[in-house]
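Using the sequences and the hints, build the whole thing.
As you go down the protein sequences, you meet chains A and B in turn.
Using this note's numbering, the first residue of the first sequence is number 1, and each one after it goes up by one.
Using this note's numbering, the first residue of the second sequence is number 1001, and each one after it goes up by one.
Note that these hints are calculated values from the structure, not bench results.
Warning: the hint list may mix true and false statements.
[Said to hold, decoys possible] Pairs of lysine-lysine, BS3-like flavour, derived with a Cα cap of 25 Å:
no.: 1; chain 1: B; residue 1: Lys1067; chain 2: A; residue 2: Lys29
no.: 2; chain 1: B; residue 1: Lys1067; chain 2: A; residue 2: Lys205
no.: 3; chain 1: B; residue 1: Lys1017; chain 2: A; residue 2: Lys205
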Amino acid sequence: MASRDAAVTPPAITREKATVVERRMKPRKWMREIGWRHVLLIIFAFFSLYPVIWILSASFNSSDSLATARLIPKSLTTENFTGLFDSPLTPVGTWLWNTWKVAIIASVLNVIVASLAAYAFSRLRFKGRRAGLLTLLLVQVFPQFLGFIALFLLAIQVGETFEGFGVNSHTFLIMVYLGGAIGFNAFLIKGFMDTVPNSLDESAKVDGASPAQIFFRIVFPLARPVLAVIFIITFINIYSEFILARTLIRATEQFTLAVGLQLFVESEYAAKWGSLAAAALIGAAPIVLTFLVAQKQIIGGLTSGAVKG
Amino acid sequence: MNRARSSSPLSWGFWVKIGVIAIIDALIVFTVPVLIANESYLLLTMFVGAALLLNWAYLSPRAEASKWLAPGLIFMAIFVVFPVIYTGYVSLTNWQTGNVLAKQQVIDQLESQVIRAEGDGVPLELDIYRDPAGQLAFLVRDPEGNTYFGIARDRTSDPIDDPLIDPGVDISVESPDQIGDFQILSLRDLLAIANQIENLVLDIPGQGVARAQSASTAQLIQAGQRYAYDPNTDTLFDAQEDVTCSIEAGNFICEDGRRLDPGWVIVEGFDNYAEVFTNERIRNPFVKVFTWNLIFALGSVFITFAIGLALANALQDERLRGRAVYRSIYILPYAIPAFLSVLVWRGLLNESYGQVNNLLESLGLNAIPWLGDPFWAKVAVLLVNAWLGFPYMFLITSGALTAIPEELKEAARVDGASAWRVFRTITLPLLLVSTAPLLIGSFAFNFNNFVLIFMLTNGGPPVPSAAVPLGETDILISFTFDLAVNAGRGNQFALGSAIVVMIFVIVAVLSAVSFRFTKRLEEVYG
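Right, dumping it as structure tokens:
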């Protein structure tokens, strides 16, 4: 997991020192050594911020339409936000609730199930352990969403026998997501558990603790920070997942945010620009805030293998 | 915390475990008959397999590790491993709209069809009656003088039980004005219901259906089972057309050339793969999509890597002011869920109202048809993906750059190498080595970047002449999605699965290559 450490930010230099050095230079030398950097950096800072600025501006602009949008709105309003929650055709509030519900349940269960498996791989020695680990590694090579046709056909068959648990069912979707990230997460958690010294559970074992007690009283509490990060990453991935949700959920009331907004955009884009921006802001804010708060941990986890979706 | 308590069969944990397993087993026992009745053998296998594994894992005293692994194993097996295998299976079948049922279901459905002969029936005389409640009745007389009287129904409704009524009087020659409560309809009454007369029928048990043709004539149509399946010859006999229909690739094909719908699912072997490579209607779109898919994925990796590296390099100088600010700004696109930013970009790139074109116009440039033109749509896709992807590359190259020993570069500089040369001969090669697996990962990710394509252009603009739903910016996964799930022209599950299997192979090869760069395998064998 070399890349994980590699992605951590390089040692920062204190701001005062940088300022002093920069100011002391002669203009031409400054331009040649520092200035061009600022030019490049500012151009891409603008590129980076461009859609963000528009989301902020449009979501508070009192004219909803794309045609009349302007960077500095003539008048501000919160109607774009309140309007999201009372339109029966595009119930963004319901979609948000669905997304949070599915993502939280699936990622909590996922972290629990994955850490159980990780514990077995890290602490127990059993027949087929190596083969099991290798299988885990090979299985996670195939992104789950590529199975969308098979999962769709499975959902149809489940729905034929158990009405309400097939297509359109959040239960089915949650189980799909739960299964999807187990391999990857179990591997990450196992990697962490391997770093927890074995002497801790050895001494507990001497005191007569069962594997279950060692897990719940020693390993699990120690792993909590790592599990929290893995929970957040899993949550973000499920929150943004699109192709499986689009395949398996067909009823407006059951949509996740991604599926709902995509169809919303498909139908009435230009006229509802402000509403879309407001929905995007509500949808993105919690994720962006989490990202900024736990930046180092999340990026470390993400860059250690997966590419965020 | 003593051994006796934790392993005693009388501890509360033991009873909870037994209770949970009992509930799961009860549920399984309850569902098994339902699944058998529905002939859902796939689900049956899954349920029983999962139940056996759970029982063994939690009841056998020797299965310590499987207690920990069982839940994860079950979910992974069903929702990750199974879809891969099932996709492979579906790709070998003819599974598509029109061929989704099992053979027996198709036979049952066909055998339930009745003969509908038009024009060949026995002509009948007809008189129409009505009772005070408005109920209509038919009196029909065939050429041989057989007469029937009974309650008529709309021909689309279900047959009435015992429709015939004993008139109580002789009706074999003359139709009386009154039969029981029923009154014969006058010409005026007949005119009033003229438009519904032809939809009325009288069921004559054992004879067929008398269907009104006008106010005074009807036709006796013999109703009977149209198709009969003969298990000995595995053929279907069509009693109406008097032809035999034999099986051909999951459908009954009759001697007169008709192909009966629906068909059923059969295993065809590698026909779908052959189709992709030989049938021009599929091959040409496939080649087009695949080519663009490669260009798109390679281009995206290259562009994002170049931007990320340039920024990381520019930020490397420690004398720079505002490094932390720049860094936070560059992480923003990475932090926003991609589906939201892509949808916003779609608005910004709108040809008539979009802010990007407004910006271009205010700079004195022409508006660009970003999403409507084949070329510009591709540029738009790459542009938006540059925005989405450069922060990731920025992060990994920043990390990798700091890991390159300064002495190496210093030594080259002392030898008189220019900054560019140092970068090209020392920094870049070292960087590529350390980030190679991540670059391959990024390629694999972009190769299947469904969210971007589907949400930004929906694969469009459409290719007008294509035989299958096809867009200029479609990549394999979005092309497959339209083919199999989103289809306006039917669901091509089997063909779609064949393409997915090809994507699987590509992903597997990429991963095999990237494994060589990583130390993950050491974690298994170490």
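* **Hints that the structure is at odds with (numbers, increasing)** => 1
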